[in-house]
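Participant: The listed protein sequences derive, respectively, from chains G and Y. Using numbering that gives the first Met the number 0, the letters of the first sequence correspond one by one to residues 0 to 388. Using numbering that gives the first Met the number 0, the letters of the second sequence correspond one by one to residues 0 to 534.
Hints listed in this document are in silico derivations from the structure and should not be mistaken for laboratory results. Using N, Cα and C, we set each Cβ at its ideal position, and we do this for glycine too. One should not assume that every hint holds.
[As the list claims (entries may be wrong)] Which chain Y residues face chain G? A few, computed with CB under 7 Å, are given here:
1. L334
2. A339
3. V346
4. I377
5. Y381
6. K506
7. L510
[As the list claims (entries may be wrong)] Here are the simulated EDC-like pairs of lysine to aspartate or glutamate, each with C-alpha atoms no more than 20 Å apart in a straight line:
8. Y:K506 x G:D180
9. G:K234 x G:D10
10. G:K350 x Y:E335
11. Y:K57 x Y:D119
12. Y:K220 x Y:E186
13. G:K364 x G:D10
14. Y:K519 x G:E203
15. G:K193 x G:D127
16. Y:K181 x Y:E191
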Amino acid sequence: MTPHMLTRSLDRSATIFLAIVAACGILIPLSNLLLPAGSFLQVPTYLVALWGKYVCYAILALAIDLIWGYCGILSLGHGAFFALGGYAMGMYLMRQIGTRGVYGNPILPDFMVFLNWQKLPWYWYGFDMFWFAALMVLVVPGLLAFCFGWLAFRSRVTGVYLSIITQAMTYALLLAFFRNDFGFGGNNGLTDFKDILGFNVQAEGTRAALFALSCLALIIGFLICRAIVSSKLGKVLIAVRDAESRTRFLGYRVESYKLFVFTVSACMAGVAGALYVPQVGIINPSEFAPGNSIEAVIWVAVGGRGTLVGAALGAVVVNYAKTFFTSGVLAPYWLFMLGALFILVTLLLPKGIVGTFNAWWDQSKEKRIPATMASAAAEDGVTEPKMAE
Amino acid sequence: MPAHLSARLCSLALSLFLIAFALPAFAGPFEDAVAKFANDDFSDTEEAIGVIASSGSKLAFPIINALQDGRLMADPDSKKVYVTGTDGKSIDAATGEAVASVPDSASAVRLNNRLRRSVDAALGSLTLQSPDVGARLQAAQSVFKSHEETALEAVDAALAKEANRSVKAALGEARAAILLFKSDATEVEKLEAVAILKARGDQDALALLTGMGDQPASVTKAAASAIGSIQNSLAVWSMVQNAWYGLSLGSVLLLAAIGLAITFGVMGVINMAHGEMVMIGAYTTFVVQEVIRTRYPGLFDYSLLIAVPLAFLVAGAIGVLIERSIIRFLYGRPLETLLATWGLSLVLQQAVRTMFGPTNREVGNPSWMSGAFELGQITITYNRLWILLFTLAVFAILLAMLRYTALGLEMRAVTQNRRMAASMGIATSRVDALTFGLGSGIAGIAGVALSQIDNVSPNLGQSYIIDSFMVVVFGGVGNLWGTLVGAFTLGIANKFLEPVAGAVLGKIAILVLIILFIQKRPRGLFALKGRAVEA
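Work the whole structure out from these sequences, hints included.
Facilitator: Written as structure tokens, this is what we have:
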């Protein structure tokens, strides 16, 4: 990634976005830690954890936007990659509990002692080391996505068929993780974490640091996505989205492009899940529920698919609304609102918030700028085409 | 003769002598025996039980039954014995006449453990000769299970009188079970018993044969061959049982998926709210049954017949409404349709939750749908059988509709080539609306059937949606036969995997297999050929 590529890939909205995320990532933890509790400007710890959750969702939304907005792959199973990353992190956190568990077994997590298991299953080996767990956060979702994508894209499973089998994939994982003998805590999942890298997960300082890390991950993820979509590879992806057969006939190996971007996206989702788990304090099989994955897709649709900024924005806006509505007297109406959001956004706002705003901005700019300037802008547009449909 | 027996005989003679003085002269052996309960002596009570059980009197069963429950009251002063019924009314045990009240001096006849056993045996042999065929059959079966040697006499006696064929067979099997475990039975009797159990050929017979202990060599040999043949036949029956379960599951899948196959096949629309149409059908059934319960209780057996057309209309109307208000704006954007209909499913679920509450609602089975019958070694419940037949009927009607009606012709034309159909003058948007309505209506009918075997709750549809998609994707789009084959294949495969891998792993295995299958045939088993595919 050359500096030139970086600057070229950043347009106005991306710069604003990065600035805001960076500011949040620095200011919110500082305000939480340095200002006295109860002060007007102090951010309470519970809000830090809550917003940290939103940031993780934003990373997941970015991952979905990368494949859906730029490559036309609608995955209804991205929650599975998110959850797998989360489980990898959760396994590390479980091993860190050590003798502080209810049964005090230095090796086996509580649920295994409860199930009368004598020794650690092989797939739990190595998760007591952070570097190994961190690697697995990327490798496990990435490998699953690679195998799944390799099978699916090579045999040209596209469109709604792909969506349905991704949904079946996450459903199968849901059923599997619900089983006790699968070795991941069954119904209850993994919880009751104590330490991460020697720091108490409940402590304010750790929470603030996790929040800052999540913001950093969001920024890095955004830059990676930006770099991908503004490179030549990104152009091919958009070509695949808009006319897959034509791209194939032009000589591109469509399946390789799709496979690459699908795997990258799954790894990002895994990272989001890994950051999510220590902040929420639990990971259980319900994260695999197909409904969760579909909900994540609607965040992207609300914010605007194919804009990246919009995906992150949509995740935060929809989840903020969810928190707001489900915690008050309006709770029974939340599902009505969410359902209506799905319908209205697809019907009335197909470009999402950011896409619609961009279109409106460009239109009003055209009116303001004289014709000569407009043609120059249009020439600019040739070297730097708009991403939205 | 052992000493204690002669002592008992002496005491019996003595007590008979005493009773002869105490009671009026017309008293027969039955009445004598009844009076013995008043002596409050365990050996007298035992004698009385034996006499009464073999007396053939109509009062025998109520007396022994009351004795078992502690409702047999005896007055030591007047030597009268009373049976107090569970309803509080009392009769004189000797004559059967109703009495106003039991005197205060009467107390319940006491039992010890040995007596309780003879009471049980007496009750068993009494029910073996009960006038009710069902009671006799049950008694014979319970003797078969317990195979107590003491019951042999009663079984033989009952066998001599029995006229009903099935009861007679059950008695024969009970007798064989007893003889097999009776230490002093002859080898011939035991061989016969083995042959009878072999003919019975079920799990219980197998358990008896494997657990019979030390036997003469010839019997052991015969039993071994009987065990082999029973195990073989049981294996075959369990295959049949699995196949039946599979067919039953397949019919449910087919019912849920068939509407989806129509909307997906004809319009290329992924309707994620399809499961909610099924749910609406189930709730229609609930409402119909509620109305019938409160207003016209006599019509309850017809509730499903009334619910089927209503569910079709309700779900179909909602389907047309959805198509006109949402889906028609999203043609050509299948992924967006998927999201919008998912949102719709959330709204519909929540609406039903608000109207009917989040808990399961009670939908009853009409009398003709409850119960079961035995076919060889397997049990077939009527509701599953009716659902299978109903599904096939719906499928046949739908197939005929597509083939022979004008709407069917238009639908097929639009499926095969939308633009060409439009140029030939078919109003494709009208066909779309009607198709969507038809698909939804059939989902509603499916809901009526599924309300009979599943919980009617707002989440009813959710549990079917992924399975139905799997069926459609597996079977291939745009071909109803594909859906049929897909549904039954998945159903049967699922039920055959279940005993091997467990229910959840079996399901996971099926999902993985479908994912792999799609790699090979991305368009399903029965794919449409030609240009329409790429559109």
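Participant: Given the hint that K519 of chain Y pairs with E203 of chain G, does the C-alpha gap stay at or below 20 Å?
Facilitator: Distance of about 53 Å is beyond 20 Å: violated.
Participant: Run the distance test for K506 of chain Y versus D180 of chain G: straight-line Cα separation, threshold 20 Å.
Facilitator: holds (16 Å)
Participant: Just to be careful, I want the Cα atoms of K57 of chain Y and D119 of chain Y compared with a cutoff of 20 Å; is the pair within it?
Facilitator: Holds - the C-alpha atoms of D119 of chain Y and K57 of chain Y are around 18 Å apart, at most 20 Å.
Participant: Keeping to a limit of 20 Å between CA atoms, is the pair of K234 of chain G and D10 of chain G held or broken?
Facilitator: Since the Cα atoms of K234 of chain G and D10 of chain G sit roughly 17 Å apart, the hinted pair holds (cutoff 20 Å).
Participant: Is the hint on L510 of chain Y kept, meaning its closest Cβ partner in chain G is under 7 Å away?
Facilitator: Given a least distance of 4 Å, the restraint on L510 of chain Y holds.
Participant: With 7 Å as the cut and Cβ atoms as the points, is L334 of chain Y at the interface with chain G?
Facilitator: Constraint on L334 of chain Y satisfied, holds at 5 Å.
Participant: Once the shortest beta carbon distance from V346 of chain Y to chain G is found, is it less than 7 Å?
Facilitator: Holds, about 4 Å.
Participant: Would you settle whether the hint for K506 of chain Y is holds or violated, based on the nearest Cβ-Cβ distance to chain G being less than 7 Å?
Facilitator: holds (6 Å)
Participant: Could you grab the alpha-carbon distance between K220 of chain Y and E186 of chain Y and see if it respects the 20 Å cut-off?
Facilitator: With a Cα-Cα distance of about 12 Å, the restraint between K220 of chain Y and E186 of chain Y holds, given a limit of 20 Å.
Participant: So, A339 of chain Y near chain G? Judge it on the closest CB pair being under 7 Å.
Facilitator: Result: holds, 4 Å to nearest chain G Cβ.
Participant: Given the hint that K364 of chain G pairs with D10 of chain G, test it: the Cα-Cα distance must not exceed 20 Å.
Facilitator: holds (16 Å)
Participant: Grab the minimum C-beta distance from I377 of chain Y to chain G and call the hint holds if it beats 7 Å, violated otherwise.
Facilitator: violated (28 Å)
The structure is inconsistent with the numbered hints 4, 5 and 14, although it conforms to all the rest.
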